Amino acid sequence: MFMAHQKDFFAQRMAEVNFLCVHKKLRSKRVAPVLIREITRRVNRRGIFQAVYTAGVVLPKPIGTCRYWHRSLNPRKLIDVRFSHLSRNMTMQRTLKLYRLPEVRHLALN
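UniProt numbering puts the first residue of the sequence shown at 1, with every later residue one more than the last.
None of these hints come from the bench; they were simulated from the model.
Each hint should be verified, as a subset may be incorrect.
[What the hints assert, rightly or not] Below are the BS3-like pairs computed for lysine-lysine, each with C-alpha atoms no more than 27 Å apart in a straight line: (1) LYS77 with LYS97; (2) LYS77 with LYS25; (3) LYS77 with LYS24; (4) LYS29 with LYS77.
[What the hints assert, rightly or not] Label pairs and their calculated CB-CB ranges: (5) ARG13 with TYR99: 16 to 24 Å; (6) LEU35 with ASP80: 19 to 27 Å; (7) LEU35 with SER72: 14 to 22 Å; (8) ARG88 with LEU26: 29 to 37 Å; (9) PRO102 with LEU59: 33 to 41 Å.
Note that the structure is predicted; figures quoted are calculated from it, not measured.
C-beta atoms are modelled at their ideal positions from N, C-alpha and C, and glycine is treated no differently.
Start from the sequences and build out the full structure, keeping to the hints where you can.
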């Protein structure tokens, strides 16, 4: 018997939730549920009803996989605390320029 495996690829707008950035003193204060509710409220207002919850561990039997991209908001801090690192042939100045946000920020309200 021959079985064909079909892979469907599509893009889905969703929120990514990762609270590693929360200050260490706040991590044990049960702030995460409050933050999750607030993030849910905000992204639902923008018409987004899916989210990806990320973790820094490998799961033995994932039920699905996805590829997502993110943009570092404070690359200097992330490099200083060793969450991220400078890529090959990249200087700190080039990294800061690459991740610089536009001067004028526009909120897209639905």
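Notebook entry, point to check: Of the numbered hints stated previously, which ones are contradicted by the structure, given in increasing order?
Noted result: none
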